[in-house]
Amino acid sequence: MTAVQTEVLLQTLISGFLLGGLYALIGIGMTIIMGVMKIINLAHGELMMVGMYIAYVLYTYFHIDPYLSIVIAGPVLFLLGMGLQKYLINPVVKVDSILPENQVILTVGIGMVLANLATIIFKSDYLQTPVSYGTTAWYLTDIWKASPIELSLSLPWSVSFVFSLMITAGLWFFLTKTDMGKSIRATAQDHDAALLMGVNVERMRVFTFGLGSALVGAAGCLFIPIYYIYPDIGGQFTLIAFVITILGGLGSTVGAIIGGLILGLFESLTATYIGMGWAPVGRFIIFVAVLIFIPGGVASLLKSRKLGK
Amino acid sequence: MNKYFPYIAIALLALVPLLGLNSYLMHILILVVMWSVIGMSWNLLSGYCGQVSFGHAAFFGVGAYTSGMLYTKLGISGWWGLPASIVVVTLFALVIGYICLRLRGPYFALATLSIGVILRIVAENMVDVTGGDLGIMIRERSWIEKTRYYYIILAIAALSFVLVKQVIASKLGYYFVAIREDQDAAESLGIDTTLYKTIALCLSAMITGFAGAFYTNYMGYIDPKVVFALHDISIIAIMVVMVGGVATFSGPIVGAVIMVVLAEAIRSIPMLGTAHHTFFGILLIVIIIFLPNGIVGDFPKMKKLLGLARRAS
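Protein chains in written order, with this note's numbering: chain W, 200 to 508; chain X, 129 to 441.
No lab work stands behind these hints, which were simulated from the structure alone.
Listed next, the in silico SDA-like pairs over lysine to any residue satisfying Cα-Cα at most 25 Å (straight line):
| id | chain 1 | residue 1 | chain 2 | residue 2 |
| --- | --- | --- | --- | --- |
| 1 | W | 322 | X | 403 |
| 2 | W | 322 | W | 425 |
| 3 | X | 353 | W | 316 |
| 4 | X | 353 | X | 391 |
| 5 | W | 502 | W | 374 |
| 6 | W | 322 | X | 393 |
| 7 | W | 237 | X | 359 |
| 8 | X | 353 | W | 484 |
| 9 | X | 353 | W | 487 |
| 10 | W | 285 | X | 406 |
| 11 | W | 293 | X | 233 |
| 12 | X | 353 | W | 320 |
| 13 | W | 293 | X | 431 |
| 14 | W | 293 | X | 430 |
| 15 | X | 353 | X | 390 |
| 16 | W | 322 | X | 359 |
Just chain W, same shape as in the assembly:
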């Protein structure tokens, strides 16, 4: 490999890794909803879109930095998610119908409404938040003058990545150390047993949907400095989120993190070596392959390793 080739490969890996960290946050939101509620939330990307637009409005009209807007977009999305679960999804869980997939179709309906409302309010233009540090980057040659290759690390990407890690760590702490978090995990594992142990399962479900929405809303705020928005952006992130969820294993937080990183690296590599337009195809090939060869996702591999020892 020549120096240039090495440079391209390393640069691709770096950007893939950073992208993967952000993907992980999107995936975690979906995986905890799926773990607790056992439904696939196909409005997930649209909730992220709502988060992105909140950050956009706050930046454009109130000059609030997108990273700061997490503290506003998170709670708003939390309430929105709780409302959706309580007034729309919960009633459907109880209704008797021929097709059990009704809830999935319902979330599609919710997503359609959200995306269309965004089109009406903001028009279909591509919007972005031109932050002052948008193009700042660190270069390897600045630190190591004699370096044979040149690598760069974008500032907003790195900041988003660090924020994503911090939120993930906070979530891990919440799920493992607090009472509420333990109740959520109990509900995910066996909701009847949780009910018998005195966990308010109904409330946990509403809360989890809110939490998942808040996480993906935060992810939206992290994406906005490095990306652009348009009303239909949600669909693509919904697809990314469920690919990560399947890849990581349903309801597994660790799996979602690993899944997000794998997907980010894979997409980055496909975009560099095969072509930008093909990156989404690679994503779905991973998805179908995982469903067939390791249906339990990365989480099941981790578990079987542990049992083997």
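Keeping the supplied structure of chain W fixed, place chain X upon it in accordance with the hints.
Quick look at chain X alone, frame taken from chain W:
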């Protein structure tokens, strides 16, 4: 009476062009019939066999592109696409079935959804084969006026209706319903579930592909964003059946009438034109919460509710 009703209805529909409707109304009528064909096919796979597909646009698009590519690559009339699509789409469905049918419930739904998206991206990127985003334009339109198109799609609809009805009335139909109700129980009774699910998928895909091939010839223009559309094809196919009535014969037809007329009505109101997805979404949410089996399926329930309302007032 009930037994002959569908045939009378088809005969009456065949007489409709004699009313001398203008071409816009004929266009809507053709769309209604086309969507009821797609609805019937979705209903066969998802309503009766219980395998909910989010990717019927894949079959629709493959049918449409079969027809379009016969025209651009071989230079023969796009109408040859109708018979050709049966072969191509069925083979395609066999491959998809082999991959996806081992998955159950929501996983199957997600897998089909991603197949639809994969095909759209492939069609956009393989510019040499499909023409990419430029799409395929059929320059020589067969007929200007729409009556013949109407008769062709009506014949397709009649054939599909009879086919679905025969299949459901046969032993095959009972297998499908058994698989929908409980796949493990069906398996333990000696039903080869994989085989019958594959049959349901192939039949359903074949009918949808046929409608897709018709669409190419009727509209004269296709591109990947139109025929592989997630919201405008796959989701509408689901909505047609959900609104009309899951696992009923007349449900898809009722649903198609409502959806197409609603879409056209909303689009024609200037202020609401952009909001048609909102209306569809709200309609879908309302239907799922209040009439989970659709208008036809929950007709007794609706009658009861209306009756109560009348008595109260």
